[in-house]
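The lines below spell out each chain.
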Amino acid sequence: MSLWLLLAVNSVTLGGLLFLLSVGFSLIFGLMKIPNLAHGSFFMLGAYLSTTLIARGVDFWTAAIVSGLGVAVFGGVVERFILRRLPGAELAQVLVTLGLSFMVADVCLMVWTGDPIRIDTPAALRGATSLMGRGFPTYRLAISLIALIFAAGLWALLERTRLGAMIRAGVDDPAMARVVGIRVSRLFTMVFCLGAWLAGFAGVIGGPILSVYPGLDGEMLPLALVVVILGGSGSLLGSLVGSFIVGFLYNFGQAMFPELAYVVLFLPMLIVLVVRPQGLFGRQAV
Amino acid sequence: MKRWTLAAVLAILATVPLWVSGTFYVNIASQILLYAIFALGVNVLAGYAGLVSLGHAGLFGIAAYTAAKILGAGGGHVTVAAAALATTVVVSAAFAVLALRGTGLGFVMITVALGQIVWGVAYRWIGLTNGDNGISIVARPSPFGLALATPRSFYWATFVVFLVAIASMAAFVGSPFGAAVRGTRDQPRRMTALGYNVWMIRFVAFLFSGFWSGVAGLLYLYYNQFVSPQAVALTASAEALLMVISGGTGTLLGPIVGAALVVVIKNVASAYIERWNFVLGAIFVGIVVFMPEGLVPGTVRVWRRGRGR
Chain W
10 MSLWLLLAVN SVTLGGLLFL LSVGFSLIFG LMKIPNLAHG SFFMLGAYLS TTLIARGVDF
70 WTAAIVSGLG VAVFGGVVER FILRRLPGAE LAQVLVTLGL SFMVADVCLM VWTGDPIRID
130 TPAALRGATS LMGRGFPTYR LAISLIALIF AAGLWALLER TRLGAMIRAG VDDPAMARVV
190 GIRVSRLFTM VFCLGAWLAG FAGVIGGPIL SVYPGLDGEM LPLALVVVIL GGSGSLLGSL
250 VGSFIVGFLY NFGQAMFPEL AYVVLFLPML IVLVVRPQGL FGRQAV
Chain X
4 MKRWTLAAVL AILATVPLWV SGTFYVNIAS QILLYAIFAL GVNVLAGYAG LVSLGHAGLF
64 GIAAYTAAKI LGAGGGHVTV AAAALATTVV VSAAFAVLAL RGTGLGFVMI TVALGQIVWG
124 VAYRWIGLTN GDNGISIVAR PSPFGLALAT PRSFYWATFV VFLVAIASMA AFVGSPFGAA
184 VRGTRDQPRR MTALGYNVWM IRFVAFLFSG FWSGVAGLLY LYYNQFVSPQ AVALTASAEA
244 LLMVISGGTG TLLGPIVGAA LVVVIKNVAS AYIERWNFVL GAIFVGIVVF MPEGLVPGTV
304 RVWRRGRGR
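Chains as they are written, first to last, in the working numbering: chain W, 10 to 295; chain X, 4 to 312.
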């Protein structure tokens, strides 16, 4: 397989992971106006939790779902007992989530030590699948597929269900949504838990590719931020498109300008900020 | 009364190397002063302009890296200082143009991203910055023939810069421009309606803030005689913000108290436990939840309540 094709496949895979990570951030940010700087920690925590579960003999997919639930519970506690006390206080929310991310990182370092931990690819998805006469790594295809399924599922949830309509109403105008009888505060907790679950789940399924190591949180968070700034907050389509743009830039940037990969990654974000500060698919300036 | 207190505090600070024994403590005092300068710079934006920046370690680091590079190329110390500060101000201007596309949360996220770019360059562009190994410099400068090699002389030099920083902050806060900056924080629309150019006011405040961050970065380089990507990491920006918040945003003394608190805890904590980051995070959460207005105003509040007023 040629280098370029391999890079493209890796880009799509990373894009899929980033979508799972950033869509939660984007929804939380769009609905609650909370910049959850602990989102990268959710990703890392999910991955670490699953390593323990898998080491105890739990099946990979069960571990992914259960670890996600663990992270969701943690996110729910954070939302309910800390963030809930700080409505509209942006500075305080930034500090609390940042503080939490430091604490999570240190606890992970204490519990799982500083050595990188590899998560094994599930047995059924090892090897390559041939597609149009070429071999592709099966697991990477699976991640892309999972991301697309989640994108479709979230779209259906947001656009086709009553709950989704309530969430959209909350994003557009929380005060008005309250007036018409939507319990916005319960929505907040639900969306926060959902976002945390997605991040934790993404951490686990990203494990076989990225492995888990201290600092993973700090590496993923800026990527998620770029996705959200690029795509626009609170927009599902924005997250999806932004994720794939970032996925491609990151992989191709790293292959072509290894020393400047980070700069290449942030350039389009800067351009979008200058030309269209609300993001490609955002409706209003953040 | 207030004036006498200030004079007494300054007198105590000026004589620290005389009554504090041990170079270790003098060095900690120097660190407190240099981080206080950094925190004062961050406070211009976070406190007075209401713009929370999580990218200021980038500016701090750019000053340090520029100075280290020019020193390495054989530049004199005057050139180094001038070039480092000029570069920092130019980069601050670029940061400001981009970051001011957003306010509130948008501003925070953009500054995070900008700070991470600087970090990425420092960490990955090995040809320029020597990557994770950082850059060392040979010696501290000796302005006017005074060698700054000893901890005491370095402390006094830092103290002089610190005094200039405080004086400039006091002048800034008291000036009409300072009032305009606070106006853009509290009532941006009304300020616009009154004919002020809100964007320009924020832009200038950003430059002022960036300049003092650069000064602190330069002092940091001379203090450590070394700079590495750690100095520009998100954690460093967060620490600076913690200093501002813990002391009390939008006050003149708050950032100084905050800097002292963070530097002392960091040194004490790291002597006993490895988990400095956990302590830092816990302090963040604790302060935000229990003393949202910061330690200085918070303590005043608790003290007043204790006295039954």
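Rather than coming from a laboratory, the hints here were simulated on the basis of the structure.
Glycine included, C-beta positions come from ideal geometry on N, C-alpha and C.
One or more of the hints may lead you astray.
As the list claims (entries may be wrong) - Simulated DEER-style distance windows between Cβ atoms:
{"#": "1", "chain 1": "W", "residue 1": "124", "chain 2": "X", "residue 2": "131", "range": "24 to 32 angstroms"}
{"#": "2", "chain 1": "X", "residue 1": "271", "chain 2": "W", "residue 2": "124", "range": "36 to 44 angstroms"}
{"#": "3", "chain 1": "W", "residue 1": "97", "chain 2": "X", "residue 2": "78", "range": "47 to 55 angstroms"}
{"#": "4", "chain 1": "W", "residue 1": "267", "chain 2": "X", "residue 2": "150", "range": "37 to 45 angstroms"}
{"#": "5", "chain 1": "W", "residue 1": "96", "chain 2": "X", "residue 2": "167", "range": "35 to 43 angstroms"}
{"#": "6", "chain 1": "X", "residue 1": "302", "chain 2": "W", "residue 2": "189", "range": "39 to 47 angstroms"}
{"#": "7", "chain 1": "W", "residue 1": "264", "chain 2": "X", "residue 2": "97", "range": "23 to 31 angstroms"}
{"#": "8", "chain 1": "X", "residue 1": "285", "chain 2": "W", "residue 2": "284", "range": "39 to 47 angstroms"}
{"#": "9", "chain 1": "X", "residue 1": "156", "chain 2": "W", "residue 2": "12", "range": "54 to 62 angstroms"}
{"#": "10", "chain 1": "X", "residue 1": "167", "chain 2": "W", "residue 2": "123", "range": "38 to 46 angstroms"}
{"#": "11", "chain 1": "X", "residue 1": "85", "chain 2": "W", "residue 2": "168", "range": "42 to 50 angstroms"}
Going through the numbered hints above, which ones does this structure break? Give me the numbers in ascending order. Violated: hints 2 and 11.
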